[in-house]
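> Sequence:
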Amino acid sequence: MKIAVLGTGYVGLSTGVCLSEIGHSVICIDTDEQKIKSLRRGVSPIYEPGLENLLAQNAAAGRLQFTTSHREALNGAEIIIIAVGTPQMADGAADLSYMVQAAKDIAANLVQSAVVVIKSTVPVGTNDFIKEIMDELCNEKVTFNMVSNPEFLRQGSAVMDTMHADRIIIGSENKEAAKKVEEMYSPLNVPFILTSIRSAEMIKYASNAFLATKISFINEVANLCGVVGADVTDVAKGMGKDKRIGETFLQPGIGYGGSCFPKDVRALLHTANLNGIHFSLLKETVAINDFQQEVLVKKAIERLGDLKGKKVAMLGLAFKPETDDMREAPSIKIARSLTNLGAEVVAYDPVAIDNAKNILRDTIRYASSVNEATLDADTVFIVTEWNEFRHLDLETMINTMRQPIVFDGRNCLEEERIRVCKKIEYYPIGRPPIVIGMT
Numbered sequence: 001m002k003i004a005v006l007g008t009g010y011v012g013l014s015t016g017v018c019l020s021e022i023g024h025s026v027i028c029i030d031t032d033e034q035k036i037k038s039l040r041r042g043v044s045p046i047y048e049p050g051l052e053n054l055l056a057q058n059a060a061a062g063r064l065q066f067t068t069s070h071r072e073a074l075n076g077a078e079i080i081i082i083a084v085g086t087p088q089m090a091d092g093a094a095d096l097s098y099m100v101q102a103a104k105d106i107a108a109n110l111v112q113s114a115v116v117v118i119k120s121t122v123p124v125g126t127n128d129f130i131k132e133i134m135d136e137l138c139n140e141k142v143t144f145n146m147v148s149n150p151e152f153l154r155q156g157s158a159v160m161d162t163m164h165a166d167r168i169i170i171g172s173e174n175k176e177a178a179k180k181v182e183e184m185y186s187p188l189n190v191p192f193i194l195t196s197i198r199s200a201e202m203i204k205y206a207s208n209a210f211l212a213t214k215i216s217f218i219n220e221v222a223n224l225c226g227v228v229g230a231d232v233t234d235v236a237k238g239m240g241k242d243k244r245i246g247e248t249f250l251q252p253g254i255g256y257g258g259s260c261f262p263k264d265v266r267a268l269l270h271t272a273n274l275n276g277i278h279f280s281l282l283k284e285t286v287a288i289n290d291f292q293q294e295v296l297v298k299k300a301i302e303r304l305g306d307l308k309g310k311k312v313a314m315l316g317l318a319f320k321p322e323t324d325d326m327r328e329a330p331s332i333k334i335a336r337s338l339t340n341l342g343a344e345v346v347a348y349d350p351v352a353i354d355n356a357k358n359i360l361r362d363t364i365r366y367a368s369s370v371n372e373a374t375l376d377a378d379t380v381f382i383v384t385e386w387n388e389f390r391h392l393d394l395e396t397m398i399n400t401m402r403q404p405i406v407f408d409g410r411n412c413l414e415e416e417r418i419r420v421c422k423k424i425e426y427y428p429i430g431r432p433p434i435v436i437g438m439t
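Numbering (the numbering used here), first residue to last: 1 to 439.
There could be a bad hint or two in this list.
[Claimed, not checked] Computed Cβ-Cβ distance ranges for the label pairs, DEER-style:
1. V142 / G238: 55 to 61 angstroms
2. R41 / E72: 17 to 23 angstroms
3. S199 / G229: 41 to 47 angstroms
4. M163 / L281: 49 to 55 angstroms
5. A61 / S38: 17 to 23 angstroms
Hints listed in this document are in silico derivations from the structure and should not be mistaken for laboratory results.
All values derive from a computational prediction rather than experimental measurement.
Virtual Cβ for every residue (Gly too), placed ideally from N, Cα, C.
Throw the hints in and build the complete structure from the sequences for me.
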C-alpha cells in the first residue's frame, strides 16, 4: 500500500518508519528542507530509541522516502496521514493552523481518490472542519473520505508503542475508508475499535486527561503521606494491585510535562468551556501539577534556608527519560525558580542539553557528566529518572559535594543503597527522609 505522511515530528516520523517496517511504501513530507536532507542521510531529527536504525534500514530497502514536494508524495497515495503539530495557544485552545495548511496542500495536489487520516491530536469537530476546507478546494473529480486515527505514542518508546499498541482507534462515517485503514494496520495484529469520527477525537483527549489526573492524584496522596508519615511507594503499590485501578501512572514525583499531557488537558478544558461544561476536576489536575513542579524547591528552602549563592546540581532536564524533549519539562520551572532565588544551577542530562540551551540559554550552567555537575554542590536535585541516575556512584558523589544533600524528585534511588552510605541526607517525594551520619 502506498502511504503519504505529512509531518516528520515524533508522531509523523515514528508512524511513517513503522508503517514502512511492516511492508508499506511510505513517503514522508515536510516543508523543512534541512530536516528532509538529514532524513535522506538516515539521520533522525529526534532522539527516539530504535527509530534511526529502522529509518536507515527501510530507506535502504526502498520502502521509505522523504520529500518536500506534496505533488510527488501524494501522487498515487492510497492513504494520506496528517501528523502535523497542534500546539497550544495562549487561551489553551489547539492551534490548527498547521492542520489547515496541510488540508490546503492536499487539496491542491491530490489527483486521485484517497483516504485522509488525521493522526494529530485535534479537538472534537476538527475532522469535519478539515473536510469542509478540502471539499471547497479539491478538484471535483477527486473523492476522499476522512478517518480519525489518534496516536497513543509515548516518547522514548514510540516504536514499541506503534508496533505493539494496546488498540487502534478508527473513527469514520465511511465503512470502506475504515476498512482501508484496518488493512493498513493489519500486519500489527492489534485490536481495532471502530467509532464515529467525533468519538475517536474525544477518546484521545479523554485518555490523556485521565492519565494526567491519575498523576496529579498520586502526587496529592504523596504530599499527604509526607505529612502523616506514610510511604507513598507502599500506598501506590497497594492501590495498583487493585485491577480496577492498575499500577501504571501511580509514580509520584514533580509532575507531568512533555508535548501531550499539559497541552491536551488544557485543550479539553477549552472545549469544555466553549460548550458550557465546568470541568472542575481537570482544572484541579492542572493546579496540582503546577504546584508539584515547585515541591523540590520548597523542600530545599525548608532545609537550607536562603538559597542565594548555593550550588544546585540538577540531574535531568528532559521531561522524561529516553527522550531529548524539553517541552513543558518540570526542569524549566525548577531551574528558573532556583536562579530567581539566587542559586547557581549546574545541570546534566544524557541527551537533552542542546534542546535545554534553546530554552534556558545561559540562565544555568551545563555539565558533561554527573561528576562535573555535582562537584562542590550544596545539594543535588534529581529531576529526570534516567537509568544513569538510578545507579549513581553515591559514595563518590557525596564525597565531592560540599553538603551531601539529595532531593529526589522521581524517587529514583533505592532506600537500601541510601542506608549503606556513611553520610547523606535524602529527601524523596511522599516518603520519610533518610538522614545518616549528619550532625
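> When the structure is checked against the list of hints, which entries are broken? Sort them ascending.
4
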